[in-house]
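Participant: Residue-level listing of the chains:
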Amino acid sequence: MLNIISLISGGVFGFGLALSGMVNPSKIIGFLDITGNWDPSLLFVMAGGVLVTIISFRFILNRPTPVFGGKLILPTKQDIDPQLLAGAGLFGIGWALGGFCPGPALSALAYGNEKVFIFVGAMIVGITLAKIGLRSLNPA
Amino acid sequence: MENFTPYASLAGGLLIGVSATLLLMAGRLAGISGILAGLIPFDSKDSLWRILFIVGLIVGAGLYPALGGDMSAMNINPYGLSETAHTALLILAGLLVGIGTYVGAGCTSGHGICGIGRLSVRSIIATVTFVGVAALTVFILRLIVGG
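One line per chain: the protein sequences are P and S, in this order.
Residue 1 is where the first sequence starts when you use full-length UniProt numbering, and the numbers rise one by one after that.
Residue 1 is where the second sequence starts when you use full-length UniProt numbering, and the numbers rise one by one after that.
So that you can see chain S by itself, here it is in the shape it has in the complex:
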C-alpha cells in the first residue's frame, strides 16, 4: 500500500462532491459520460453548458500542477507495455468505455457519485457491476502480462 494517498484522495473526493452539488443546484447531474454523449451528434441547443463543463474539467486539472501539485506518480502505461501494444490497448479501452457508459447510462461520476448520492438502486447496482468486472479484468490481465 505504499502508493496510498488517503488525505489527498478524500479531499479530492469532497471537491468532486461539491462540484456535483453546484451543478445540481443549476439543475443538471454531473455524470461525465452523459455530458459528453449529449454533444454527439452536435446540437447547438443544449451544448454550451456541456462544452463549458468539459473546458472546466481540463482547466481545473491543469491548475493542479500549475499551483504546485505533485504529478510525478502519473503513469498512463501501468501494465508496462510496448508503445504499439499500449496504443492498441488504449484504443480498445476507449471504445469499450464509450460503448459501455452509453449503453449502461453512466460512469463513475454519474452512477458512482451522483447516482449513489440520489440513493438510486439502479446506480448502486451499476457501480458494483463495473467495479467488480474491472477488478476481475485486472486480475486476469495480471495473470497474462505478469507484474
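Next comes chain P alone, as it looks inside the complex:
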C-alpha cells in the first residue's frame, strides 16, 4: 500500500510544484530578491501547503496507526543545535545560488534540461559527502 500511495503522492506533489511555478528557479529567486522586483508567490505555496497539513496532520497523528496501514515513521530529534542551523544555512546559500531545492529539482528532470541533471547529480554527491562526513564525526 505504501508503494501505491507513494507514487500517487509524488505525482500530486510534482504537479503541484509545476502548477505553483516552483519548478522555475527564476520564481524562487524572485521571491528571495526582496529588495528587487519581489514575487511573493512562494509565500502562497507555503501558505497553501501548511494550511492543509496543519489541519490534516493533527487527525493523522492522533491515530494509533496510519490510515493505510503500516508503521508511522517520524523524526525524533527536537533540539535546536548548531548542526541544524549550519545545515539550514548551507542549504539556504545553495538554494539562492541555483534557485532549486530538492523537490523542484527532481521534478524539473521531467523537462529534460541537461543543467537540471547536473544540479541533481551535484546534490546527490553533496548528500553522499555529508553522510560520510557526519559518520566520521560521530562514529556509532
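Do not take every clue at face value.
Said to hold, decoys possible - In the PhoX-like style, the derived pairs of lysine-lysine whose C-alpha atoms are separated by at most 20 Å in a straight line are: (1) 45(S) x 131(P); (2) 131(P) x 77(P); (3) 45(S) x 71(P).
No wet-lab data here; the hints were simulated from the structure.
For chain P, the structure is supplied; the task is to place chain S on it using the hints.
Facilitator: Chain S alone, transformed into the frame defined by chain P:
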C-alpha cells in the same frame, strides 16, 4: 510584482499539502531531501516507496505542461550568467543543497511544509534560517552580478 501568480501558487500549495497528507496516511513524511537521502547508499529494503515517490514527482511535473500548463516563464538561469559560469554555479549550488539538507535534516518540504504542519519548533527555526540566509545570499549576489 508583475510575475506574481497568487492563485496558481496557492492551488499548487494546496495540492502539495494534499500530497503530504496522503503520504502521512501511509506512515511517511513527504520530506524530499530525506526521501532522496534514504536511497544513498542504495539499500533495497526501504527503497521502492522512495523511488516511486521520485518517479511520481517527475511524472506529475511532466503532466502539467502535457495537460496545457504554461511553462513559458521557466528560466533556469535567472542571474543571466554565461553557460560555463552557470554550470559551475549549479554544481556548487547542488553540492551545498545536498550537504545542507542532509546536515540540517530537511528542506522546504520536510521542514517547511511537513515540519510546520506538525508544529515542530525545530522545523520552524530551520525554515526561518534557510529562507533568511537565502534572501541574504540573493541580496549579496545581486550586488555582485547586478540586475
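Participant: None of the hints should be skipped; say for each whether it holds.
Facilitator: Going down the list of hints, with the structure as the test:
1. 45(S) x 131(P): holds (19 Å)
2. 131(P) x 77(P): Measuring from Cα to Cα gives roughly 17 Å; hence the hint holds.
3. 45(S) x 71(P): With a Cα-Cα distance of about 15 Å, the restraint between residue 45(S) and residue 71(P) holds, given a limit of 20 Å.
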